[in-house]
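Participant: Listed here are the chains, written in short residue letters.
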Amino acid sequence: MAKLTTQSNLLLDNFLFDSAETLELNGITAIFGSSGAGKTTLLRILAGLENRATGFVSYENEIWQDTKNGVFIPSYERKIGYVFQDGRLFSHLTVEDNLYYSLKRAHKGLNEKTTIGFSETIKSLDLQPLLHRYPNFLSGGEQQRVAMGRALLRSPQLLLMDEPLSALDLKRKAEILPYIKNVANQFQIPILYVTHNIDEATHLAQRMVLLSSGRIIASGEIGEILERADLWPLTGRLEAGALLQATVGPTKKGMTHLLVGEETLKIPAVSIEPETKARLRVQAKEVAIATERPSHLSIRNIMTARLLSIETGESAFSELLLDVGGQHLRSRITREAVKELELCEGQQVYALIKSVSFEGRLFT
Amino acid sequence: MGSLELGPVWLSLQLATVTVIVLLLVGTPLAWWLAYTRSRIKPVIEALIALPLVLPPTVLGFYLLILLGPAGPIGRFWVQLTDSALTFSFSGLVIASVIYSFPFVVQPLQNSFQGVGRAPLEAAATLGAKPLDAFFSVASPMAIRGYVTAIILGFTHTLGEFGVVLMVGGNIPGSTRVISIAIYEHVETLSYEQAHILSLGLLIFSFSVLLGVYIFNRRLPFNRI
Chain A
4 MAKLTTQSNL LLDNFLFDSA ETLELNGITA IFGSSGAGKT TLLRILAGLE
54 NRATGFVSYE NEIWQDTKNG VFIPSYERKI GYVFQDGRLF SHLTVEDNLY
104 YSLKRAHKGL NEKTTIGFSE TIKSLDLQPL LHRYPNFLSG GEQQRVAMGR
154 ALLRSPQLLL MDEPLSALDL KRKAEILPYI KNVANQFQIP ILYVTHNIDE
204 ATHLAQRMVL LSSGRIIASG EIGEILERAD LWPLTGRLEA GALLQATVGP
254 TKKGMTHLLV GEETLKIPAV SIEPETKARL RVQAKEVAIA TERPSHLSIR
304 NIMTARLLSI ETGESAFSEL LLDVGGQHLR SRITREAVKE LELCEGQQVY
354 ALIKSVSFEG RLFT
Chain B
6 MGSLELGPVW LSLQLATVTV IVLLLVGTPL AWWLAYTRSR IKPVIEALIA
56 LPLVLPPTVL GFYLLILLGP AGPIGRFWVQ LTDSALTFSF SGLVIASVIY
106 SFPFVVQPLQ NSFQGVGRAP LEAAATLGAK PLDAFFSVAS PMAIRGYVTA
156 IILGFTHTLG EFGVVLMVGG NIPGSTRVIS IAIYEHVETL SYEQAHILSL
206 GLLIFSFSVL LGVYIFNRRL PFNRI
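Protein chains in written order, with my numbering: chain A, 4 to 367; chain B, 6 to 230.
These are calculated hints, taken from the structure and not from any lab test. Backbone N, C-alpha and C fix where the C-beta goes; we use that ideal spot for every residue, glycine too. Worth double-checking, as some hints may not be accurate.
Stated by the list, open to error - Short, incomplete list of chain B residues facing chain A, as computed with Cβ under 10 Å:
1) ALA128
2) LEU132
3) LYS135
4) ILE149
5) GLN199
As the list claims (entries may be wrong) - Below are the DSS-like pairs computed for lysine-lysine, each with C-alpha atoms no more than 30 Å apart in a straight line:
6) A:LYS71 with B:LYS135
7) A:LYS82 with B:LYS47
8) B:LYS135 with B:LYS47
Chain A on its own, in the form it takes in the complex (with noise of 0.2 Å):
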């Protein structure tokens, strides 16, 4: 795992960005948060492109910043690749040009290892139709896998993404993951990932730094994080859920089976190879309760859990934290059910969850 420290103070006019933290990375980071968190401040920080921040940064055994001793690296020095929200091709040069500015500036005396390659990096982002274009003649999506493609040729130890899917359409988005996700198995950089969009986050990511209000709130495994109730406000109380572990099993009647422990679940269908391993982002809103097991009901999903804790707060609503088959779920419904049911810490329940609700939301 690479080691990022940052103690950094910027104030941009009404705004402070406060952050200390050491970070683990490992595959790609979600930075995650509304917009104004500071998300894309930590980056810019991080990339030295913020020369009136202060404070400390380092990463692995460099510094790359400590105001105190005077020292800041500039950018152009950073072992980083940065892919920006906007692309920022340079328009007077074609795609290869651009690819081809950043392999030549790209960092020597790194061994064979960590070089990245021109033929790898074409092959892996698709890039060799639009090798003769003119970016100005490309459409958002491609753009944007010219970018990646051009952070990587620097052959960075760190790659830095600020919402590159932020401009795209739905249908772009997901012509456009897959290829993320490529980059970082291919050629396991840590990416530091940044949006404001949890299925992105959770599509994407293993790990997240949550930020709100410039600071840095909480960091760790994704789905770690996404389950602790107490920052259910920063990661979406409605959107947040559980990352529940499947195993995808056999596709029959337009249903595809997942296998979570001893359960069945079932969802509409999705071209996964059986046996897969996958995670299936299920909302808390989107479960329900029974103390006995329904009959004659359309909810094609029905799953035996122990109740572990009931949180009641301000609202009408309470948040169930149920265990099934050793994974946690949560589920979101109102007092009143809570007093009606009877429940009670330590109770045998039944989750019930509509298939519908899973369109989009298992992993690979």
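Fit chain B to the supplied structure of chain A, relying on the hints for placement.
Facilitator: Frame of chain A; chain B shown alone:
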């Protein structure tokens, strides 16, 4: 048709070429600084640069005459250095032209650097380009239209200057007698035919150059400011 004297034409072309080269060397860093600085004195510098746009050439010429004359601070220094006077010399004309045409070079450059903005430079930095490298490999090619406009405006404006030249340079054949002065003298002496040739030539030349620029701008392989 009388014999055509080409002296003033060559002199004008020489003056314009030297002036544009000096202006690019001095104007580019200044335009760059103006485009990206957060300094509070920026408006003051901008106003100073724009002055020649609004001042009558005679005002400019008057002050330049005082500054560059053998009794003026710059003129005295020049005399000590070279043993010759700046006023009524080609060198003096170059200095006057540079000041007179300054806004015509700096403003288009500043505008196009601003149009390019910080974004591509930041991208270049994250790709390993040092500032000077980024300037030549990214900012300048992206600001190509600004350069073309600056060169053409600077050149043609110097070619067409009259008032300042008359006051600082006078009318010395082969040294300060440029096209515009020659035309003026031909008209004064009622040599309309000579005046016609020079005037029409200047008109056709200026039009052709401007036309060329507009065609070039349309044909750039990328769309940028």
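Participant: For a quick check of understanding: which of the numbered hints are violated here, in increasing order?
Facilitator: 5 and 7
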